[in-house]
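As a plain string of letters, each chain reads:
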Amino acid sequence: MAAAIECGAATKPSEKNMSLKTALSAASPLSLRIVAECPVTKARACDLLLPHSAVSTPVFMPVGTQGTMKGITVDQLEGLGCQICLGNTYHLGMRPGPDLIEKANGLHGFMNWKRNLLTDSGGFQMVSLVELSEVTEEGVKFKSPYDGKEILLSPEKSISIQNSLGSDIMMQLDDVVSSTVTGPRVEEAMHRSIRWLDRCIAANKNPDKQNLFAIIQGGLNAELRKTCLDEMTQRDVPGFAIGGLSGGEEKDDFWRMVSLSTDHLPREKPRYLMGVGYAVDLVVCVALGCDMFDCVFPTRTARFGSALVPWGSLQVKQKQYAKDLRPIDPDCQCPTCNRHSRAYLHALFKSDTAAMHHITIHNIAYQLSLMRSVRQSIVEGRFPEFIQTFMKRMFPSPEQYPSWAVDALASVNITLE
Amino acid sequence: MKLELTRVIQGRGRLGVLKGLGRTGQHSMEVPGCLLYTHFGTVPHLTQDTLHTLSSLPPVTQVTLAEHQEVLEEFKDGFRKFAGLHDTVLYCSLHDPATPCPTGYTTNKTVSVWGSGGRMELTVAKFMALQKTVQPDWYHSMSDGETWQSNTSRKRVRKSVDRTLAHLDECLLEHQKSQELDGVEVFGVVEGGDIFEERVRSAKETAKRPVAGFCLDGFQTGSMDQALRTQLITAVTKELPEDKPRLALFGVGRPDEVLACVEAGMDLFESFFPFQVTERGCALCFNFNISLDPERAGSAPPLETEKEAAGEPQQNGDLEVDSQTQMTPFEINLKEKRYQDDFRPLVEGCRCYCCRNHQRAYVHHLLVTNELLAGVLLMIHNTAHYHSFFCALRHALATDKLDLLKKRILSERDGQTERRE
Ligand SMILES: [Zn+2]
Ligand SMILES: [Zn+2]
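Sequence lines, in order, name chains A and B.
If you're matching positions, the first sequence starts at -9 in my numbering and goes up one per residue.
If you're matching positions, the second sequence starts at 120 in my numbering and goes up one per residue.
The hints are simulated quantities; they were obtained by calculation from the structure and are not laboratory data.
Among the hints, a few may not be true.
Here are a few chain B residues that sit away from chain A, every Cβ distance over 12 Å (derived from the structure) [stated by the list, open to error]:
(1) Gln145
(2) His205
(3) Gly494
In silico lysine to any residue, SDA-like type, Cα no more than 20 Å apart, as pairs [to be verified]:
(4) Lys195(B) - Lys296(B)
(5) Lys307(A) - Gly237(B)
(6) Lys93(A) - Lys296(B)
(7) Lys456(B) - His81(A)
Part of the chain A face toward chain B, derived, beta carbon under 7 Å [stated by the list, open to error]:
(8) Thr58
(9) Gly61
(10) Gln66
(11) Pro86
(12) Leu90
(13) Glu92
(14) Lys104
(15) Gly238
(16) Arg290
(17) Phe294
(18) Gly295
(19) Val299
(20) His330
(21) Tyr334
(22) Thr343
Glycine included, every Cβ here is placed at the ideal spot set by N, Cα and C.
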């Protein structure tokens, strides 16, 4: 209920409060204009102005780990309407390295992408990919998988690499703990993340060109999350991410932590929920008040022939599609669905890698158009109806609605039919 | 199909336009020219968007007969519609020119092809049934091409010529009976290995049949030396009617070989070469510019120094020592470390999507990180470069500068060897 009240109150922002906040973040190269707020849920539609272009939120950001989006050219990505995508600091910092990318005029120049880029801190990959990593107050220590050399990724180092990459949004280095870990380690990581945030802010050489986002930590412990929120929202950062989730925790815990975070994040700054990209999660978390999302899933799964559709997914390589002459999704307007049938794509998977590219294009188109529809419904004041229709299409019957989604939506006044 | 030749210079090639292509006859292509090489109707790595960044695509798309025939049998509207290809002439060949096929599977009545589902044994009846499901605009008859290895006996070569002629007669008989193939053109296949008399016999006999053109089989790289190849092709083309096109079947792709074949009277080529170059992580960069000022090569970089630094052509990736997969002197290997901070386009002045938008350093990065975009960008560039070469070739024929072009191409080829000595 508290959420609903705050949502209602937020639709009439006090003039004084707004002008104060604007003054505070005047220096950052980001501005957020709230276009519409859902009168029922915590959802909002915003125009996010970043150095390279405007971004309409809620937004899904495809992940281009190595400075490329699978087999898709930057022109194709632009053609699909993508306004912002991700690069991974860990990978790009290793190969080709920050010096080379700086020489190429940053990651924008290196990959020739004219719109916005967000880079992560590199910390998450380090903990998840590199076995021999050790976290100390200094930073994350690890052995390079390429030459075995010991490397320290400190908050300063992470920001220095991200400064070289020149991304529009940089992420602070945080102390990542798996969301299934409990106990004192979670608290330690939360406090360390706050200290590292301050070091990151101090290390940013381009505060006028590059935005630095804080990452809320605290595991699945509401108290720790709240402490982290209280501390971090006192820092003048242009945006916030909700971190440490989508790592195998119970969905019941997941949505409660998301909702708790959005309850305490400032209304006038963007909220980025890290690592979330399944359609149902996106729609629910928009209702909980998140603006930005990223996930490798839609592009990764495309490689295996899994196409995302409003009723779930379609495994193009399965035998049942060998003679199916319909497009992947008859209602999809993407270049793949406009030209090719399931049967042709099924056959092409045995002949050429272009089959993957076709599915990647479709999946990115699906994610982006889903978010455009979400935004449109918020703007037109019919987001609650949108959710009902979306869920009906996604699940064969209401009995199959995941209980966490039902509960999460109920918490923002949506009772699924 | 009608070949209109504008220039024929004995021993110097033919220039012209192949008109009335396609069942409705609305397409035409300039010769010498190349077809569009595909995997099941898709140019390798490319979607329609990326393919159409290329200007002046060949109007003829080549597909291989035996891929996924099961589904086409059910789909009655032919391959073109199935593959979402709208405005192209479809040419159907027996084998994929980039995939060497194992020998020892041919009998008097059958040939074997390797498709998505493994080996398939074809009789003429099966072959023709497949053509009816593919519904190409143009195909070549079934042939026994197992004679390309240099140690093939005279007896085996003779057998291959006999069989191929017998297959042709059977194909033509069935073709004329098939309503589905009304308006579709058939090319006859000239075999004969490296034996003069057999080549001439094959050409003469094939020319007696009602075919629209000819495929010359068995001249792939590594099968024989260039001089012998040229002699054989010259002997064959002498026996063929002037007004019908000649296509180099299977394995002629390198620019020096293309030039030699053109001089010997060939018109059409399969463009699998840019694909092979792409697969080994290389970019075509040979200079074919014969503009008056030799210092300003225009469409190509100052390659002399570059290739010298490269040293021995490297073989990368697969251990296959097949001559078709080896790096040629016409390309640079972008995986090499010296390209990691090279911010030039693949080829200075190239107007392809890759060169207009990306740098060698980026493509190098995509290759070393095994990213799929590497294949996409290289395929775009290599296809564009190869097609431009054919364009330059036609221009050279039209302006009597074939010698100059040949000199340029051969110096690209031999440049390295000379400098090493
Ligand atoms: Zn689609
Ligand atoms: Zn190019």
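Structure versus earlier hints, numbers of those that do not hold, lowest first: 2, 3, 6, 13, 14, 15, 16, 17, 18 and 19
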